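Peer 1: Sequence:
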Amino acid sequence: MTEAVHSPVNLGLTGKTILITGGARGVGAGIAQVLEDLGAVPIVCARRPGDDDREFYSCDVRDSDAVAEMIGTIVAKHGRLDGVVNNAGGSPFALAADASDNFSRKIIELNLMAPLIVARAAHAVMADQEGGGAIVNISSVSGHRPSPGTSAYGAAKAGLDNLTESLAVEWAPAVRMNSVVCGPVETELSHLHYGDDEGVAAVGATIPMGRLARPADIGNAVAFFLSPLSQFITGSTVTVHGGGEKPAFLSAANAGNKS
8 MTEAVHSPVN
18 LGLTGKTILI
28 TGGARGVGAG
38 IAQVLEDLGA
48 VPIVCARRPG
58 DDDREFYSCD
68 VRDSDAVAEM
78 IGTIVAKHGR
88 LDGVVNNAGG
98 SPFALAADAS
108 DNFSRKIIEL
118 NLMAPLIVAR
128 AAHAVMADQE
138 GGGAIVNISS
148 VSGHRPSPGT
158 SAYGAAKAGL
168 DNLTESLAVE
178 WAPAVRMNSV
188 VCGPVETELS
198 HLHYGDDEGV
208 AAVGATIPMG
218 RLARPADIGN
228 AVAFFLSPLS
238 QFITGSTVTV
248 HGGGEKPAFL
258 SAANAGNKS
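With the working numbering, letter number 213 in the sequence shown gets 220, and the count goes up by one each step, no holes.
Heads up, some of the hints might be wrong.
Said to hold, decoys possible - Label-pair distances were calculated between CB atoms; the ranges are:
hint	residue 1	residue 2	range
1	A208	P180	29 to 35 Å
2	E252	A83	42 to 48 Å
3	G79	N17	26 to 32 Å
Bear in mind the hints are in silico, worked out from the structure with no lab data behind them. Please read these numbers as outputs of a predicted model, since none were measured by experiment. Even glycine gets a Cβ: it sits at the ideal position worked out from N, Cα and C.
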């Protein structure tokens with residue numbers, strides 16, 4: 008799923024140290040691979056290591072002390088922290104009426120509070136280092152449309168995009184803050200959301216581009232936001248969703264002009 012990217016363009020990421028939370032698998036691993044292919048030094052944190060040999064830290068990103076210790080260790084080893092990708096997140100399906108308060112609280116902590124905790128710890132380093140730094144938050148279309156079955160997740164992602172805009176204003180010009188809003192992405196866990204291969208293909212067919220995003224598609228957008236090419240871009244979002252979802256009324260209408 009994590010396709011390699013071989014770009015003839017030098018994005019200016021060679022040797023840059025970049026932390027990717029939740030970077031051991033799925034979208035995070037795809038982002039790490041893209042950055043590695045572009046010459047960066049991806050550093051991964053997650054609950055468990057992945058199958059690669061990248062520098063890895065086991066860290067609960069909801070724990071501010073643990074995050075501060077991890078970032079301190081990274082800076083002590085590499086001398087600086089150039090970028091952060093707040094990718095850790097997600098939610099199982101649970102209808103709001105059935106979910107416990109504790110369940111919803113944990114989802115919001117992981118998808119909203121954790122990125123804030125990581126961003127604050129990174130900012131403490133980036134604000135005082137030459138060249139500053141860049142932080143990219145991985146958000147979701149669930150924060151921009153109804154999210155039945157994952158309502159706390161959708162609300163947290165909406166908050167994350169607002170947080171991105173607010174921190175961009177607070178922390179400019181030293182630290183740039185941007186957000187990548189993801190549509191459905193095909194990973195090793197796609198079956199949990201979409202079913203078997205036939206289900207995944209059926210979901211992909213609803214997207215104008217004809218497929219789900221691949222982790223590398225998200226990684227490419229992240230790489231741009233981390234690179235000097237976006238040196239005047241902060242407080243922005245880019246939506247990587249293959250054209251989005253067709254309005255439901257198009258399938259229901261019988262006016263003879265379906266597309």
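Peer 1: Each hint: holds or not?
Peer 2: Structure-based check of each hint:
1. A208 to P180: 29 to 35 Å: violated, 45 Å
2. E252 to A83: 42 to 48 Å: The hinted range 42 to 48 Å holds for E252 and A83, with Cβ atoms some 46 Å apart.
3. G79 to N17: 26 to 32 Å: holds, 31 Å
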